[in-house]
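Listed here are the chains, written in short residue letters.
4 protein chains.
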Amino acid sequence: MVRKMIAVIGGSECDEKGIELAEKLGEAIAKKGATLICGGRGGVMEAACRGAKKFNGLTIGLLPSLDKKDANSFVDIVIPTGLGYARNFIVAQAGDAVIAIAGSAGTLSEMAIAWFSDKPVIALESSGGWAKKLAGEAIDSRRTDVVHSASTPGEAVEIAFNVLGWE
Amino acid sequence: MVRKMIAVIGGSECDEKGIELAEKLGEAIAKKGATLICGGRGGVMEAACRGAKKFNGLTIGLLPSLDKKDANSFVDIVIPTGLGYARNFIVAQAGDAVIAIAGSAGTLSEMAIAWFSDKPVIALESSGGWAKKLAGEAIDSRRTDVVHSASTPGEAVEIAFNVLGWE
Amino acid sequence: MVRKMIAVIGGSECDEKGIELAEKLGEAIAKKGATLICGGRGGVMEAACRGAKKFNGLTIGLLPSLDKKDANSFVDIVIPTGLGYARNFIVAQAGDAVIAIAGSAGTLSEMAIAWFSDKPVIALESSGGWAKKLAGEAIDSRRTDVVHSASTPGEAVEIAFNVLGWE
Amino acid sequence: MVRKMIAVIGGSECDEKGIELAEKLGEAIAKKGATLICGGRGGVMEAACRGAKKFNGLTIGLLPSLDKKDANSFVDIVIPTGLGYARNFIVAQAGDAVIAIAGSAGTLSEMAIAWFSDKPVIALESSGGWAKKLAGEAIDSRRTDVVHSASTPGEAVEIAFNVLGWE
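Residue numbers (this note's numbering), protein chains in the order written: chain A, 1 to 167; chain B, 1 to 167; chain C, 1 to 167; chain D, 1 to 167.
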């Protein structure tokens with residue numbers, strides 16, 4: 001059966017608060033039985049995967065490089081793309097919904113990609129960075145309903161499930 | 001823990017013999033506990049996924065399109081790349097080994113990609129097509145040991161496990 | 001000799017003011033002898049190419065599709081990528097500098113890509129859209145000098161030449 | 001006006017004979033007024049660009065890396081893709097026809113890509129390598145007319161122009 005998939009985006013460098021939120025987010029995704037997909041590296045990505053594995057969730061990492069060893073140690077399924085940052089496109093596309101934590105320009109590009117793909121984006125406002133700046137903003141006047149704002153990891157996952165009509 | 005991954009490549013159109021071999025191949029991969037990754041479409045890909053699901057294997061499909069609905073119904077994890085045939089690169093890279101069944105030009109390109117990535121390629125000789133033509137051939141004089149030839153699906157999986165040093 | 005290349009990013013849909021600015025931008029790029037690279041489609045991209053051809057500039061279009069016929073009629077060199085929106089990455093990388101006009105989420109993603117690639121981005125503030133919103137903003141605290149704001153097309157090109165140390 | 005484009009594919013390492021043929025091929029393409037597109041690196045690619053520049057041809061290089069400095073010194077338009085070997089797909093797509101010289105697995109993959117894209121492929125038989133092995137072969141029974149064999153660079157360009165109906 002097709003797995004429910006949630007993409008987590010956020011930088012490989014992140015402050016302690018972002019890391020904590022990312023870990024809680026991974027836990028929340030796994031508890032709801034969804035699969036977590038991300039860029040497979042450190043920082044937000046590693047913390048989210050670590051959280052998911054605590055609850056026996058399945059984790060997927062789409063690496064920019066061709067070397068499977070570049071994945072963090074909480075990734076179950078390592079997919080080395082060799083596409084560099086263009087792999088951000090695939091991360092954004094692969095999630096049924098995309099949850100953003102903190103983040104700088106790389107995360108912003110992924111949020112923008114998800115937006116113009118009409119994919120639900122949930123910004124974890126409390127994490128700061130671009131997730132905060134864009135939370136609730138109508139990035140494109142034609143798509144004002146695409147962007148959602150959450151204040152906790154649990155709320156972010158709940159919004160994703162609601163928007164997608166999942167149980 | 002990082003999953004063992006076997007990529008299966010082969011055309012979306014295929015004769016009956018190729019389909020049967022692909023299904024057996026999927027079964028053999030699942031029985032050994034490996035994850036099957038493929039292009040997610042019909043023909044060889046669908047048959048291999050169907051075989052894997054019979055034995056409760058995990059299946060991943062990297063689609064050329066952006067529409068998750070384009071996946072065959074035996075794919076658990078659907079990754080829509082939007083890259084068109086360039087997704088062939090990622091399929092070839094994602095497997096720890098690549099097993100080819102029958103196939104025309106698309107399959108040949110994937111075999112060539114795996115070769116120049118120094119990834120073990122096992123051609124299922126009995127399936128015909130390019131898999132047969134290239135079985136055992138030294139595609140590049142510097143990499144004569146990369147290409148392997150198998151006569152049954154079970155043997156193909158065994159070769160993959162041996163070459164990779166897996167139990 | 002390696003050509004000087006300026007990437008122009010902006011939407012395929014755009015109001016009249018953006019179109020006028022884009023055409024002037026194309027003219028300014030061609031007059032300075034630089035090559036214009038863009039996504040090859042309509043709207044801002046077509047207007048910029050049209051402007052460049054008035055002054056005999058060279059124009060390159062990187063299409064999302066595989067069909068060369070999808071290019072606007074002012075593109076000299078048509079490169080069909082088949083990568084969908086992932087071609088945005090290449091557009092942003094191919095310019096020595098990137099100039100943004102108006103634009104919605106697609107343009108925002110390209111600006112963000114240019115930013116995290118440490119490539120000079122010049123936002124044509126007067127054109128509105130995301131170009132305006134991000135003009136002068138420090139998108140990432142580590143890269144505060146990367147973003148430039150221009151009020152006219154001519155000024156945008158001049159900033160690009162200055163930043164790059166071109167005559 | 002849209003430029004006529006010929007893609008040249010062949011390895012970055014090549015024997016002297018292949019280099020000579022590649023240079024002559026670049027000359028022949030430029031003399032006929034076509035634009036040469038290639039992977040932008042050394043070996044066959046550099047020799048072909050060098051030949052084209054002797055006759056004032058325009059040369060384009062699609063690099064695997066993100067660093068424009070990786071281009072050979074005869075490339076006019078440097079497009080750094082950051083896609084690694086997946087840039088092979090774009091090289092094959094960007095030519096209206098594809099001419100292959102010598103080559104190992106990388107070249108074979110590009111020939112196969114051109115084939116399944118129904119793009120005319122001309123293999124320079126005299127250069128050896130995969131170009132020779134596949135010259136004239138019906139790589140896929142459904143597309144027996146796609147592959148052409150040429151014995152000299154001039155003949156290869158002439159076949160391309162004939163097949164495409166160019167003057």
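If you are wondering where the hints come from, they were derived from the structure by calculation, not from laboratory data. Since the structure is predicted, the reported quantities are computational estimates derived from the model, not experimental observations. In this text, a Cβ means the ideal position worked out from N, Cα and C, and glycines have one as well. Do not rely on the hints blindly, as some may be mistaken.
Said to hold, decoys possible - Part of the chain B face toward chain A, derived, beta carbon under 7 Å: (1) V2; (2) R3; (3) L66; (4) D76; (5) I77; (6) V78; (7) P80; (8) T81; (9) G82; (10) Q93; (11) A94; (12) V163; (13) L164.
Exercise for review: Classify the hint on B:G82 as holds or violated, based on whether any CB of chain A lies nearer than 7 Å to its CB.
Suggested key: It holds, given that the least Cβ distance between B:G82 and chain A is near 6 Å, below 7 Å.
Practice item. Could you check if B:R3 really has its C-beta closer than 7 Å to a C-beta on chain A? Key: holds, 5 Å
Point to revise | Minimum beta-carbon distance criterion (7 Å), B:L164 to chain A | key: violated, 12 Å
**Study point:** Residue hint B:P80, partner chain A, criterion CB-CB below 7 Å
**Key:** Since chain A brings a Cβ to about 5 Å from B:P80, closer than 7 Å, the hint holds.
Point to revise | Status of the hint placing B:V163 at chain A (closest C-beta pair under 7 Å) | key: B:V163 check fails; min Cβ-Cβ to chain A is 16 Å, beyond 7 Å.
Practice item. Classify the hint on B:V2 as holds or violated, based on whether any CB of chain A lies nearer than 7 Å to its CB. Key: holds, 6 Å
Practice item. For the hint on B:Q93, just tell me whether its beta-carbon gets within less than 7 Å of chain A. Key: Because about 5 Å separates B:Q93 from the closest Cβ in chain A, which is inside the 7 Å limit, the hint holds.
Review point. When the nearest CB of chain A is found for B:D76, is that gap smaller than 7 Å?
Key: Interface hint status for B:D76: holds (5 Å vs cutoff 7 Å).
Review point. Taking the closest Cβ pair, is B:L66 under 7 Å from chain A?
Key: Hint holds; B:L66 Cβ to chain A Cβ min 6 Å, cut 7 Å.
Review point. Was the hint right that B:A94 lines chain A, CB cutoff 7 Å?
Key: At 5 Å from the nearest chain A Cβ, B:A94 passes the 7 Å test, so the hint holds.
Check your understanding: Taking the least C-beta to C-beta distance, is B:I77 closer than 7 Å to chain A?
Key -> holds, 5 Å
Check your understanding: Any CB of chain A closer than 7 Å to the CB of B:T81?
Key -> At about 5 Å, which falls below the 7 Å cut-off, the nearest Cβ of chain A leaves the hint on B:T81 intact, so it holds.
The earlier numbered hints that this structure contradicts are 12 and 13.
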